[in-house]
Amino acid sequence: MATLTIRGVDDQVRDRLRERAAAHGRSMEAEVRAILTLAATSTSPVERGLGSWLAEQLDGVADDEPGIFDVRRGDVPRAARLEA
Numbered sequence: 005m006a007t008l009t010i011r012g013v014d015d016q017v018r019d020r021l022r023e024r025a026a027a028h029g030r031s032m033e034a035e036v037r038a039i040l041t042l043a044a045t046s047t048s049p050v051e052r053g054l055g056s057w058l059a060e061q062l063d064g065v066a067d068d069e070p071g072i073f074d075v076r077r078g079d080v081p082r083a084a085r086l087e088a
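All you need for the numbering used here is the position in the sequence shown, starting with 1, plus 4.
Honestly, the hints are just simulated from the structure, not real lab data.
Don't be surprised by glycine CBs; every beta carbon is placed ideally from N, CA and C.
Take every hint as true, because none was put in to throw you off.
Pair by pair, the computed Cβ-Cβ distance ranges are:
1) Asp15 with Ser46: 26 to 34 Å
2) Gly12 with Gly55: 31 to 39 Å
3) Arg30 with Ala83: 39 to 47 Å
4) Arg30 with Leu86: 47 to 55 Å
5) Leu42 with Gln16: 16 to 24 Å
6) Leu58 with Asp14: 21 to 29 Å
Start from the sequences, fold in the hints, and give me the full structure.
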């Protein structure tokens, strides 16, 4: 198995990775490994339809996970306002 060293990672990126790792119950190293594996094994939206690609990316993500979907439940759709 290969070893990678990544220098110059922004502090905010590091903090977000730490948060993601904690949310998934794994170490930061395991989280980065999972992200890299997904990125390297996923097909791009161009190779497949965008909907299929999005479904693949979100496979296994629960919509009750905090911060995953910022949808406000109970909002009522309303007509667009077109006046200038």
